[in-house]
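Asks: In case you want the letters, here they are:
Number of protein chains: 2
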Amino acid sequence: MQLSITGANYIGQKNSQSGSTTFKTFSCRSQKENDAVFHSISEDELEEVLQKAADCSQAYALSSIERRRQFLHEIIHLLEEHRTTLVHQFCEESSLLVDRADVELTRTQKQIKTYIDVISRENWEVVSNEVVNGVSFEKKHFPLGAVVVFGASNFPFAYSTIGGDVASALAAGNPVIYKANPFHAGVSEMVTQIILKAAKRAFLPDGVFSLVQGGDYWIGEKLLKDERVKAVGFTGSVRGGVALLNYAKERTIPIPVFCEMGSLNPTFIFKDALDSRMDEMVEKLAFAIKNDAGQFCTKPGLIFVEGEKAKTFIAKVQAEFETAAAIPMLHPSIYEAYMRLSATFEKYTIIQNPQEALKYSAKPTLAVLSFEEFLASKEAKEEVFGPFSVIVTCSDTNEMKQGASIIGGHLTASFWTEETLSEEWLYWAGKSVGRIIRNGVPTGVEVIDSMHHGGNFPATSDSRFTAVGKDAIYRFLQPVTLQGF
Amino acid sequence: MQLSITGANYIGQKNSQSGSTTFKTFSCRSQKENDAVFHSISEDELEEVLQKAADCSQAYALSSIERRRQFLHEIIHLLEEHRTTLVHQFCEESSLLVDRADVELTRTQKQIKTYIDVISRENWEVVSNEVVNGVSFEKKHFPLGAVVVFGASNFPFAYSTIGGDVASALAAGNPVIYKANPFHAGVSEMVTQIILKAAKRAFLPDGVFSLVQGGDYWIGEKLLKDERVKAVGFTGSVRGGVALLNYAKERTIPIPVFCEMGSLNPTFIFKDALDSRMDEMVEKLAFAIKNDAGQFCTKPGLIFVEGEKAKTFIAKVQAEFETAAAIPMLHPSIYEAYMRLSATFEKYTIIQNPQEALKYSAKPTLAVLSFEEFLASKEAKEEVFGPFSVIVTCSDTNEMKQGASIIGGHLTASFWTEETLSEEWLYWAGKSVGRIIRNGVPTGVEVIDSMHHGGNFPATSDSRFTAVGKDAIYRFLQPVTLQGF
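Respectively, the protein sequence lines represent chains A and B.
Position 106 of the first sequence, counting from 1, maps to 106 under this note's numbering, and the rest follow consecutively.
Position 146 of the second sequence, counting from 1, maps to 146 under this note's numbering, and the rest follow consecutively.
Pulled out of the complex, with its shape left as it was, chain A reads as follows:
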């Protein structure tokens, strides 16, 4: 099999490009559009996608676990077989570097393996069994039906075509309608070809996976409101996620819509850590903010630092940022948003490389605010996607606590200190974030069972669920009790 870019949508196994709207992807690194032309899906095509997913739901739900395992194993195998091609296309469309693409592909394979492992456990669907007065009760999981997944801009492999949302939904027995992120439409099509090939090899019904191309709002609206859609996974901005959640509110029959959205990933540096871990903190935080142009949902975007030595911390971080190279961003629209939002901090102390940067490349930037400035600032309480972070100087822990109390929900909170974290801090974090980190940075999300990649709104739309790790599959399953069977 050769992977190719045709620019089409995939209505199950059928390649289709009847729509009149076209678009191209862009390389911020080479500062030009890529060649391939993609066709946004038409209304008729999307209708066909929805019906095909609904039509194959029963056959796929009833397919043997062995077939589903074979399907997912085959995907891992084909991703490996086409690694070079995929990595190349990934880089063309994201401006990320080869090493990152390579690591992300391996991570993606590991994620798929996680869900293979879940469904390979004996009686994996069974939650529990009991016999009462001679009557048996067995509680087991059933798939929900067609799941729509919206791919993320910043993880063209791991949160996209065969990312965690899609892999978990497929493993659970749900057909998937995948709405590609238009920034990396080409690599999405290539991975789609792999998924469809694997589905054929596993003799799965047509419709188990469809690819929807395009960036128009009506597509999201149609998908969220359609009765044939039984669940939704989304990774992206707060604005995008809230728009989908609002469409879903118009449904008569509610469905689970899991949106992973914005996060500041607040970091609290206690004064004792400025003595014990200064250089480690500076190095790790600077890397976490700058790496891959800070285009991570877990980038530390808000740092509270306590006491007099904050000045030394800032001076050391400053040295890292004033010499840092600008980094090409994922897409011109992300670059423009970055420039627009970071410009709103002009009134504060800004630390960045004074040299002019290339267009579409972002300068790693820090804004340093006093606690009073932070209290009064609206923009410092919202995410700036990119290599940007706000440092808030606090006179004491009470100011840090006050800061924490007004910033809402996030994916993570990090604490740098040698002391035991107080119950009060733990309580705040436990009701505000999905992961609490001690003496570390939030980036580098481990794909393990004990990872909770969630958090309170606006980090996600339902803090009880995770997008990473085996438990992510339970977003797309419902328990049912069989009594007397």
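Don't take each hint at face value.
Stretch-level coverage of chain B by chain A, calculated; a stretch enters the list once three of its residues show a Cβ under 8 Å from a Cβ in chain A [claimed, not checked]: (1) 131-142; (2) 251-261; (3) 309-321; (4) 430-436; (5) 477-483.
No lab work stands behind these hints, which were simulated from the structure alone.
Since this is a predicted model, take the numbers as computed values, not measurements.
Cβ coordinates follow ideal geometry from the N, Cα and C atoms, glycine included.
Guided by the hints, dock chain B onto chain A, whose structure is given.
Replies: Just chain B now, kept in the frame of chain A:
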């Protein structure tokens, strides 16, 4: 301690009745109002309730498991101590019989014990633990914060003041604001006194439980929209549940709102069962429809019966219903709704006792529809709360399948047959209901771990959760990963 009815709201431990709106409860059995006067909560009082719950959230979340266990054990103990008083008041306000009240109280104690058992497991909050590259990851559950529970009309103990929703929310470490069902305001107040006494004895913070009295819509609206409320549990009608879900849609920050609403509990009688189990079916189904005036969420309200022998089945059921006594309902408004809805079936064959019934007492009633009549009937696809069921005669299994495909989600589906249920039937049931029953009736919900008391909309608002059994606690908890602790 003496239990008493003061007619007040309880703002934590504080008894308050400053509102000017009052109401009384009613006994359909004696056909008159009960004496006690209850005060609907005022806006100022509700504001105080909300603030008190928010204010004590941290202290309660951080209270030791030992204290919470003591609290819940004490409640079980006090319920027992006051059993006679409680059962008496239960009967006065519900017109249900002493035996039923007694059984329900024991069931309620068992439910509380379920959640004591959950939090008594060693490290019960911990989901999993891993160490990766020397860094520890521990995923554990944290409470959500103040939970609002709306009590059900039909279970004054088991789905009310210290029912499954409240007991699971409290065990999880969340303060509870309990909005009593106005039909049994008195027994709600008595159970509140028990809860508050137990909270004092366990030295828990004031505000861990509050009682809200009243039936005005603004109360639900205020509770659902208030930012201090972090989750909601409701058991009641589709209309009531959908109203709450709609209020919740106006929130900026979404919260889990678990509503258990209407269900027809479709029953499918295959022709082979008419040979093998005729008398058993007639007896069990007639009992399930008539018992306690059919005022159960799991009452079988729609029965499909296949083949020629359906006539015999109907004749035998007819004999049971034509001589059945009318039964007092929970409340005049429930009686009126029953009379209004059952009257819409006048154009079909109706089976009921021809004798005149007392006011507020419902005659057990069957409506017999041909399959064609069923297809054309809107009313036969909606729940009639009370001792009422629709029998649909089908010529074959295909008609039953077609019937199943157009009736939406329910709490349960029951199948009477000696044959193995086909994958197709199982698939339909697995995406439509929370419990699939073989050769049995859906009433008599066992309080066990393997019970899934949920189901697809409109049975509940989120089919992934249950209102019964230990897993109900996970509606009110969120996992958080502690990294590097």
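Asks: Indicate, hint by hint, whether the structure satisfies it.
Replies: Tested hints:
For the stretch 131-142 of chain B, the stated coverage by chain A is satisfied: 6 residues place a CB nearer than 8 Å to a CB of that chain, which reaches the threshold of 3. Coverage of the stretch 251-261 of chain B by chain A holds [criterion: at least 3 residues with CB-CB distance below 8 Å; count 3]. Residue count for the stretch 309-321 of chain B with a Cβ under 8 Å from a Cβ of chain A: 0. That is fewer than the three needed, and the coverage hint is violated. For the stretch 430-436 of chain B, the stated coverage by chain A is satisfied: 6 residues place a CB nearer than 8 Å to a CB of that chain, which reaches the threshold of 3.
With 7 residues having a Cβ less than 8 Å from any Cβ of chain A, the stretch 477-483 of chain B passes the three-residue criterion, so the hint holds.
The structure fails hint 3 only (numbered hints given earlier).
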